[in-house]
Amino acid sequence: AQSVTQLGSHVSVSEGALVLLRCNYSSSVPPYLFWYVQYPNQGLQLLLKYTTGATLVKGINGFEAEFKKSETSFHLTKPSAHMSDAAEYFCAVHRGTSYDKVIFGPGTSLSVIP
Amino acid sequence: KAGVTQTPRYLIKTRGQQVTLSCSPISGHRSVSWYQQTPGQGLQFLFEYFSETQRNKGNFPGRFSGRQFSNSRSEMNVSTLELGDSALYLCASSLERSLTDTQYFGPGTRLTVL
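Protein sequence lines correspond, in order, to chains A and B. To convert, count from 1 in the first sequence and add 135; that's the working numbering. To convert, count from 1 in the second sequence and add 71; that's the working numbering.
FYI, nobody ran anything at the bench for these hints, they're computed from the structure. The structure displayed is predicted, hence computed values, not measured ones. Backbone N, C-alpha and C fix where the C-beta goes; we use that ideal spot for every residue, glycine too. Honestly, I wouldn't trust all of these hints.
Each computed DSSO-like pair below joins lysine-lysine, with the alpha-carbon atoms no more than 30 Å apart [claimed, not checked]:
#1 Lys193(A) with Lys72(B)
#2 Lys193(A) with Lys203(A)
#3 Lys72(B) with Lys236(A)
#4 Lys128(B) with Lys184(A)
#5 Lys184(A) with Lys203(A)
#6 Lys84(B) with Lys128(B)
#7 Lys204(A) with Lys184(A)
#8 Lys184(A) with Lys236(A)
#9 Lys184(A) with Lys72(B)
#10 Lys128(B) with Lys236(A)
#11 Lys236(A) with Lys204(A)
#12 Lys204(A) with Lys193(A)
#13 Lys72(B) with Lys128(B)
#14 Lys203(A) with Lys236(A)
#15 Lys236(A) with Lys193(A)
Residues of chain B placed beyond 12 Å of chain A at every Cβ, according to the derived structure [claimed, not checked]:
#16 Thr85
#17 Arg86
#18 Gln89
#19 Val90
#20 Glu123
#21 Pro132
#22 Ser136
#23 Asn142
#24 Arg144
#25 Ser150
#26 Thr151
#27 Leu152
#28 Leu182
To spell it out: a stretch of chain B is covered by chain A in this simulated footprint if at least three of its residues, at any positions, have a beta carbon under 8 Å from a beta carbon of chain A; those stretches are [to be verified]:
#29 100 to 114
#30 124 to 131
#31 166 to 174
Put together the whole structure using the sequences plus the hints.
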């Protein structure tokens with residue numbers, strides 16, 4: 136069965152520092168991979184997704200992620216953290232071709248320290 | 072273009088009651104999915120509707136049901152509420168059913184069962 140692991144349920148970074156949120160997945164087939172962000176009292180917003188093609192994916196708000204098949208990883212990075220980046224981040228992997236087959240990770244709560 | 076709207080935003084019910092939640096997708100979107108989000112289980116897929124037909128259902132008991140209207144608006148119903156049904160219920164819409172279509176989430180309905 137496919138699964139998604141997010142290392143670190145809570146991550147704290149200083150404002151201006153590098154943001155690195157880790158995501159590893161298990162998949163028997165090349166996956167589609169997603170990163171979502173959830174701000175307090177809001178729904179999820181898609182940050183970026185990998186389907187096919189270039190393994191370095193750029194998303195909104197300065198985030199990017201790199202698909203590394205050999206490491207089964209899809210880590211999310213941002214060069215310089217802003218206070219507004221404080222939120223919950225979810226990695227997700229598909230195990231089929233439609234949204235009912237998408238498996239979400241447990242989430243990582245990002246705190247940004249001024 | 073207006074985003075996905077969900078009503079009500081907050082709801083308090085008692086055990087044994089039933090509840091209906093509403094979701095209005097983005098104009099032109101035909102696929103509507105529902106998710107349950109809890110601290111313990113994370114994000115779990117409930118069901119997906121497309122063209123007024125339920126296309127997929129997650130691993131939830133029959134107390135959870137839904138429907139979609141001709142204008143793509145969707146409702147979900149939970150009967151005989153249990154304490155464990157307390158959760159944030161998220162609705163998401165997309166143009167079609169493909170993973171290449173971005174899924175847009177509403178702010179959710181926070182259901183508390185007492």
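For each hint, the structure was consulted:
Of the pairs offered as hints, the one joining lysine 193(A) and lysine 72(B) holds, with about 24 Å between alpha carbons and a cut-off of 30 Å not exceeded. A C-alpha spacing of about 15 Å is found between lysine 193(A) and lysine 203(A), which places the hinted pair at or below 30 Å, so the restraint holds. Restraint check for lysine 72(B) and lysine 236(A): satisfied, since their Cα atoms lie roughly 28 Å apart, inside the 30 Å limit. Between lysine 128(B) and lysine 184(A), the direct Cα distance comes to roughly 24 Å. Compliance with the 30 Å bound is thereby established for this hinted pair.
Pair hint lysine 184(A) plus lysine 203(A) holds up; C-alpha atoms about 14 Å apart against a cutoff of 30 Å. Of the supplied pair hints, the one linking lysine 84(B) and lysine 128(B) holds, its CA atoms being roughly 24 Å apart against a limit of 30 Å. Pair hint lysine 204(A) plus lysine 184(A) holds up; C-alpha atoms about 15 Å apart against a cutoff of 30 Å. The suggested pairing of lysine 184(A) with lysine 236(A) holds, with an alpha-carbon distance near 15 Å, which does not exceed 30 Å.
As the CA atoms of lysine 184(A) and lysine 72(B) are separated by approximately 22 Å, the hinted pair is consistent with the 30 Å bound. As the CA atoms of lysine 128(B) and lysine 236(A) are separated by approximately 10 Å, the hinted pair is consistent with the 30 Å bound. Between lysine 236(A) and lysine 204(A), the direct Cα distance comes to roughly 20 Å. Compliance with the 30 Å bound is thereby established for this hinted pair. With a CA separation close to 17 Å, the supplied pair lysine 204(A) and lysine 193(A) stays within the 30 Å bound.
Of the pairs offered as hints, the one joining lysine 72(B) and lysine 128(B) holds, with about 29 Å between alpha carbons and a cut-off of 30 Å not exceeded. With a CA separation close to 21 Å, the supplied pair lysine 203(A) and lysine 236(A) stays within the 30 Å bound. A hinted pair counts as satisfied when its Cα atoms are at most 30 Å apart, and lysine 236(A) with lysine 193(A) qualifies at roughly 24 Å. Taking the minimum C-beta to C-beta distance to chain A, about 24 Å, the non-interface status of threonine 85(B) holds against the 12 Å cut.
Every C-beta of chain A lies more than 12 Å from that of arginine 86(B), the closest at about 25 Å, which supports listing it as non-interface. Once the 12 Å rule is applied to beta carbons, glutamine 89(B) is consistent with being away from chain A; the minimum gap is 24 Å. Once the 12 Å rule is applied to beta carbons, valine 90(B) is consistent with being away from chain A; the minimum gap is 19 Å. Under the 12 Å C-beta cut-off, the non-interface status given to glutamate 123(B) relative to chain A holds; the minimum distance is some 17 Å.
For proline 132(B), the non-interface assignment is confirmed: its Cβ lies about 17 Å from the closest Cβ of chain A, beyond the 12 Å cut-off. With a cut of 12 Å on Cβ distances, serine 136(B) stays outside the contact zone with chain A, its closest approach being about 16 Å. Non-interface status of asparagine 142(B) relative to chain A is upheld: no Cβ of that chain comes within 12 Å, the nearest being about 20 Å off. The beta carbon of arginine 144(B) sits about 17 Å from the closest Cβ of chain A, which is more than 12 Å, so the claim that it is off the interface holds.
At the 12 Å boundary, the C-beta of serine 150(B) stays outside the reach of chain A, the nearest C-beta of that chain being 22 Å off. At the 12 Å boundary, the C-beta of threonine 151(B) stays outside the reach of chain A, the nearest C-beta of that chain being 24 Å off. Look at leucine 152(B): its CB is around 22 Å from the nearest CB on chain A, clear of 12 Å, so calling it non-interface holds up. Every CB of chain A is more than 12 Å from the CB of leucine 182(B) (nearest about 14 Å), matching its label as outside the interface.
Under the rule that three or more residues need a Cβ within less than 8 Å of chain A, the assignment of the stretch 100 to 114 of chain B holds, with 4 such residues. A stretch counts as covered by a chain when three or more of its residues have a beta carbon under 8 Å from one of that chain; for the stretch 124 to 131 of chain B and chain A the count is 4, and the coverage holds. Requiring three or more residues with a Cβ within less than 8 Å of a Cβ of chain A, the coverage given for the stretch 166 to 174 of chain B holds, as 6 such residues are present.
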